[in-house]
Amino acid sequence: GAVVSQHPSWVICKSGTSVKIECRSLDFQATTMFWYRQFPKQSLMLMATSNEGSKATYEQGVEKDKFLINHASLTLSTLTVTSAHPEDSSFYICSARGQVVAGANVLTFGAGSRLTVL
Amino acid sequence: GIQVEQSPPDLILQEGANSTLRCNFSDSVNNLQWFHQNPWGQLINLFYIPSGTKQNGRLSATTVATERYSLLYISSSQTTDSGVYFCAVVSGGTSYGKLTFGQGTILTVHP
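Each protein sequence line maps, in turn, to chains A and B.
The opening position of the first sequence corresponds to residue 59 in the numbering used here, with each subsequent residue numbered one higher.
The opening position of the second sequence corresponds to residue -15 in the numbering used here, with each subsequent residue numbered one higher.
I should point out that these hints are in silico values taken from the structure, not numbers from a laboratory.
Bear in mind the structure is a predicted one, so any value in this text is a computation, not a measurement.
The C-beta atom is built at its ideal place from N, Cα and C for all residues, glycine as well.
There may be inaccurate statements among the hints.
What the hints assert, rightly or not - Pulled a few chain A residues facing chain B out of the computed Cβ check, cut under 7 Å:
#1 Ser101
#2 Leu102
#3 Leu104
#4 Phe149
#5 Val164
#6 Phe167
As the list claims (entries may be wrong) - Just the calculated beta-carbon pair ranges, DEER-fashion:
#7 B:Ile28 x A:His65: 13 to 23 Å
#8 B:Asn22 x A:His65: 17 to 27 Å
#9 B:Arg6 x A:Thr140: 35 to 45 Å
#10 A:Gly111 x B:Gln62: 37 to 47 Å
#11 B:Tyr57 x A:Val61: 25 to 35 Å
#12 B:Gln39 x A:Ser141: 40 to 50 Å
#13 B:Gln62 x A:Val61: 20 to 30 Å
#14 A:Ser63 x B:Arg42: 34 to 44 Å
The shape of chain A in the complex, shown without the other chains:
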């Protein structure tokens, strides 16, 4: 159980276009999902918290108009990178609470989506 699926795994796009990444919880409902970004050879940085039925909460320094997040259902959150530029090339990973262990929330991560903007 507790599987988070991301699609696509890889995407290459031209500069100026928009790209949508989907994050699905396959066997559980997730009222909250989290989007992280990882640049090559670096750690993961939280971008935003996606809340089902309400606006996302963005971390400081993340442009909400550039990274559009929609959480329309209890099993799906989407991240749209609008007007993508080469500096947006990165590995984007989503996560959701998949398990409750000893009364605490354990996060499960998707496999990630690698975006390359030419």
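With chain A's structure known, arrange chain B on it following the hints.
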């Protein structure tokens, strides 16, 4: 915000060797997880361990919350253990999902 430091940054082992990875954090935590990121980028949750000791096969972890550190032990390492190991925490008062990650330890196990 909370600071998370991992050491060593890089570790090279021969197959069969044992190793210890360390994670220091600057404030009290509600959640601490160890992850293994494989070469394809997938993060695998190894342990949820805000305190105490846990073991899972060749891996074990210990968190001493009062001294603000956690250790991940890998015994009899295998080439498939290669990858990046991350420690991530949620500090007190922060939403459970807002993990702060350390910079990771890159482990390479040679046959």
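Practice task
Would you settle whether the hint for Leu102 of chain A is holds or violated, based on the nearest Cβ-Cβ distance to chain B being less than 7 Å?
Solution key: holds (5 Å)
Practice task
Take the C-beta atom of Asn22 of chain B and the C-beta atom of His65 of chain A, compute their distance, and say whether it sits inside 17 to 27 Å.
Solution key: 19 Å Cβ-Cβ, so the 17 to 27 Å window holds.
Practice task
Would you check whether Phe149 of chain A satisfies its interface hint, that is, whether its CB is within less than 7 Å of any CB in chain B?
Solution key: holds (6 Å)
Problem - Restraint outcome when Phe167 of chain A is required to lie within 7 Å of chain B by C-beta distance - result: holds (4 Å)
Problem - Interface restraint verdict for Ser101 of chain A against chain B (beta-carbon cut-off 7 Å) - result: Result: holds, 5 Å to nearest chain B Cβ.
Practice task
Could you tell me whether the CB distance from Gln39 of chain B to Ser141 of chain A stays inside 40 to 50 Å?
Solution key: holds (49 Å)
Exercise for the section: Could you see if the CB distance from Gln62 of chain B to Val61 of chain A stays within 20 to 30 Å? Expected result: holds (25 Å)
Problem - Range agreement (Cβ of Thr140 of chain A with Cβ of Arg6 of chain B, hint 35 to 45 Å) - result: Roughly 40 Å apart at Cβ, these two residues keep to the hinted range, so it holds.
Handout entry: Hint check for Arg42 of chain B and Ser63 of chain A - Cβ pair distance inside 34 to 44 Å
Key = Check failed, 28 Å falls outside 34 to 44 Å.
Handout entry: Val164 of chain A as an interface hint toward chain B, with CB separation required under 7 Å
Key = holds (5 Å)
Problem - chain B contact restraint for Leu104 of chain A - C-beta distance below 7 Å - result: With Cβ-Cβ at 6 Å, under 7 Å, it holds.
Practice task
Check the following: the C-beta atoms of Tyr57 of chain B and Val61 of chain A are separated by a distance inside 25 to 35 Å.
Solution key: With a Cβ separation near 28 Å, Tyr57 of chain B and Val61 of chain A satisfy 25 to 35 Å, so the hint holds.
Hint violations for this structure: number 14 only, all remaining hints satisfied.
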